[in-house]
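Those protein sequences? They're chains A and B, same order as listed. The UniProt record's numbering puts the first residue of the first sequence at 1, with every later residue one more than the last. The UniProt record's numbering puts the first residue of the second sequence at 1, with every later residue one more than the last.
Note that these hints are calculated values from the structure, not bench results. Some hints here could point you the wrong way.
Each pair may be met inside one copy or between any two copies, as identical chains are not told apart.
Unchecked claim - SDA-like cross-link-like pairs, simulated, lysine to any residue; straight-line CA separation at most 25 angstroms:
{"#": "1", "residue 1": "K195", "residue 2": "A135"}
{"#": "2", "residue 1": "K195", "residue 2": "R185"}
{"#": "3", "residue 1": "K89", "residue 2": "V45"}
{"#": "4", "residue 1": "K195", "residue 2": "V231"}
{"#": "5", "residue 1": "K195", "residue 2": "E229"}
{"#": "6", "residue 1": "K195", "residue 2": "S133"}
Protein chains: 2
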Amino acid sequence: MTDSVTVYSPATVANVVCGFDVLGFALAAPFDTMHLRCTPEPGVVIINEDDYGLPTEPTRNVAGAALLALLRALPEPLGFEMRINKGIKPGSGIGSSAASAAGAVVAANRLLNDRFSPEELVQFAMFGEEVASGARHADNIAPAIYGGFTLIRSADPLDIVPLQAPPLHVTVVHPQIEVRTADARRILRQQVPLKDAIRQWGNVAGLVAGLLQSDYDLIGRSLEDVIVEPVRSILIPGFAAVKAASMAAGALGGGISGSGPSIFMLSRDEATAQAVGHAMRGVYEPLGVDFHIHVTTLSPVGVRFAV
Amino acid sequence: MTDSVTVYSPATVANVVCGFDVLGFALAAPFDTMHLRCTPEPGVVIINEDDYGLPTEPTRNVAGAALLALLRALPEPLGFEMRINKGIKPGSGIGSSAASAAGAVVAANRLLNDRFSPEELVQFAMFGEEVASGARHADNIAPAIYGGFTLIRSADPLDIVPLQAPPLHVTVVHPQIEVRTADARRILRQQVPLKDAIRQWGNVAGLVAGLLQSDYDLIGRSLEDVIVEPVRSILIPGFAAVKAASMAAGALGGGISGSGPSIFMLSRDEATAQAVGHAMRGVYEPLGVDFHIHVTTLSPVGVRFAV
Chain A
1 MTDSVTVYSP ATVANVVCGF DVLGFALAAP FDTMHLRCTP EPGVVIINED
51 DYGLPTEPTR NVAGAALLAL LRALPEPLGF EMRINKGIKP GSGIGSSAAS
101 AAGAVVAANR LLNDRFSPEE LVQFAMFGEE VASGARHADN IAPAIYGGFT
151 LIRSADPLDI VPLQAPPLHV TVVHPQIEVR TADARRILRQ QVPLKDAIRQ
201 WGNVAGLVAG LLQSDYDLIG RSLEDVIVEP VRSILIPGFA AVKAASMAAG
251 ALGGGISGSG PSIFMLSRDE ATAQAVGHAM RGVYEPLGVD FHIHVTTLSP
301 VGVRFAV
Chain B
1 MTDSVTVYSP ATVANVVCGF DVLGFALAAP FDTMHLRCTP EPGVVIINED
51 DYGLPTEPTR NVAGAALLAL LRALPEPLGF EMRINKGIKP GSGIGSSAAS
101 AAGAVVAANR LLNDRFSPEE LVQFAMFGEE VASGARHADN IAPAIYGGFT
151 LIRSADPLDI VPLQAPPLHV TVVHPQIEVR TADARRILRQ QVPLKDAIRQ
201 WGNVAGLVAG LLQSDYDLIG RSLEDVIVEP VRSILIPGFA AVKAASMAAG
251 ALGGGISGSG PSIFMLSRDE ATAQAVGHAM RGVYEPLGVD FHIHVTTLSP
301 VGVRFAV
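Construct the complete structure from the given sequences, taking the supplied hints into account.
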């Protein structure tokens with residue numbers, strides 16, 4: 001067996017507009033670069049090669065917790081040393097913790113000759129998400145591992161459905177403000193009007209049909225969220241202006257990435273995605289909010305191996 | 001222009017389990033047989049050739065109201081005589097009124113050399129639904145006109161999305177009890193828990209993906225309704241027993257058709273659909289409830305023309 005491997009683990013967008021808690025997708029960039037090697041001593045060692053100062057104690061590190069979950073499923077004691085260089089800024093709302101957790105278990109599985117199924121890897125990586133947010137959710141983990149668009153049809157029991165999608169360009173703006181996931185959760189209403197729920201699942205159905213039938217217009221029409229966005233977007237300064245400017249620039253649609261603060265927009269071609277980035281800049285520069293923009297694509301693959 | 005035409009207009013299932021208010025499909029049987037001819041006198045004449053005693057005054061007859069809506073969209077005054085022989089029992093919950101309204105406008109459109117688009121025909125036929133139930137809804141009209149599975153992504157503005165589906169066999173049992181649509185509407189909670197809504201739209205997404213990818217297992221797993229069925233099924237004696245017996249007989253899943261009282265089940269093959277019918281009979285015979293069973297298929301086409 002090979003005894004070391006390098007992987008690139010992608011950023012992901014969860015809570016895709018109408019698909020709150022069920023739809024996510026992988027991005028081509030940014031990504032974490034992670035190097036895993038087997039060690040003679042059992043257990044997990046984490047080495048951070050970036051400046052984010054994340055915990056290195058394995059039980060408190062998302063990649064560490066994911067690796068420990070995987071090790072518990074093995075009959076033999078094994079040791080891993082994981083070097084992590086995060087390209088995805090923690091707290092940005094584009095699946096930073098999921099990327100590290102997913103990258104770790106995919107890398108380990110390669111060293112174990114692909115002993116585990118993708119679904120088992122998702123289960124292991126969810127322990128990493130638990131460390132990050134207190135909830136063992138798969139919204140970002142699934143697209144990070146499967147790539148492309150994924151549906152979590154059911155969280156319990158876990159039922160992941162990969163969805164074919166046409167080429168899509170993605171513009172993400174990360175305003176440098178903090179939205180705590182706990183706040184974003186607390187602000188949600190626990191009861192919603194039935195008529196809004198019906199409108200939402202009509203849009204979810206339309207979005208899935210649009211993706212599978214490569215119908216960009218239908219994708220655009222279906223990118224409407226009448227339940228979560230109206231509430232959560234108030235936590236993100238400039239949200240309405242960013243959305244309006246992006247649509248005017250030709251975006252198909254978009255919304256809050258994960259629980260924010262990043263905002264993503266989908267476009268049919270790269271020129272439009274660049275124009276959307278320009279429009280986003282035009283909103284945040286005058287506001288004096290620091291921000292970072294990624295112009296990238298939907299990635300049909302998840303965690304990739306360095307050649 | 002031809003001056004008369006005969007059409008067969010199909011029964012339809014609306015509110016397909018998790019797809020409440022958005023998903024419907026057409027059945028190969030039963031159907032209404034309708035004969036339309038142009039008359040020299042402007043206006044609409046309705047002649048019932050069955051024994052249901054439905055109103056013949058055009059404004060109070062669903063086919064009549066649909067034809068009047070279509071006539072209002074024409075510059076020239078025209079006259080139609082519509083003979084209707086209903087094969088779909090009124091009040092059964094399988095789109096009896098929609099079939100008459102849809103059949104009428106499709107027939108008229110043929111006599112007008114297909115002047116109107118399918119979506120315009122849906123709009124006209126919705127005036128028939130208004131006569132029947134007080135609401136101008138398209139849940140049954142859309143599959144009756146388009147055939148196959150249809151998604152009403154949005155009712156306002158109307159956005160109909162035809163969905164490809166694999167071959168499906170359908171068993172429908174119509175217990176001869178009355179469920180008034182108004183009662184079925186009143187019993188629904190107007191607020192639903194967010195977590196149930198999320199589970200529902202995960203299932204809607206799974207059902208659409210299962211249909212478009214011809215994944216029968218996914219279709220089966222997604223046929224779960226945590227919002228409407230738990231409430232409305234109490235209006236239908238024997239519902240839980242029918243469902244349990246149908247699943248034991250091999251059905252993929254199913255639920256209330258429309259607002260009831262009919263119950264439908266989907267199966268992969270005809271033998272299973274027949275076994276499901278047998279299982280349904282085994283529930284209702286001992287209960288002493290009169291019932292009628294249809295073993296049929298999903299129809300890829302809607303209103304058909306007699307050759």
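A quick look at each hint next to the structure:
1. For the identical chains of this complex, K195 and A135 are inter-copy neighbours only, at 15 angstroms across copies versus 29 angstroms inside a copy, given an alpha-carbon limit of 25 angstroms.
2. Taking CA atoms no more than 25 angstroms apart as the test, K195 paired with R185 passes in both settings, with 22 angstroms inside one copy and 12 angstroms between copies.
3. In this homomeric assembly, K89 and V45 come within 25 angstroms of each other (Cα to Cα) only inside a single copy, at 22 angstroms, whereas the closest approach across copies is 71 angstroms.
4. Proximity of K195 and V231 under a CA criterion of 25 angstroms is satisfied in both settings, with 17 angstroms inside one chain copy and 16 angstroms between copies.
5. Both within a single protomer and between protomers do K195 and E229 lie at most 25 angstroms apart by alpha-carbon distance, with minima of 16 angstroms and 16 angstroms respectively.
6. Only between protomers do K195 and S133 lie at most 25 angstroms apart by alpha-carbon distance; the minimum there is 18 angstroms, versus 31 angstroms within a single protomer.
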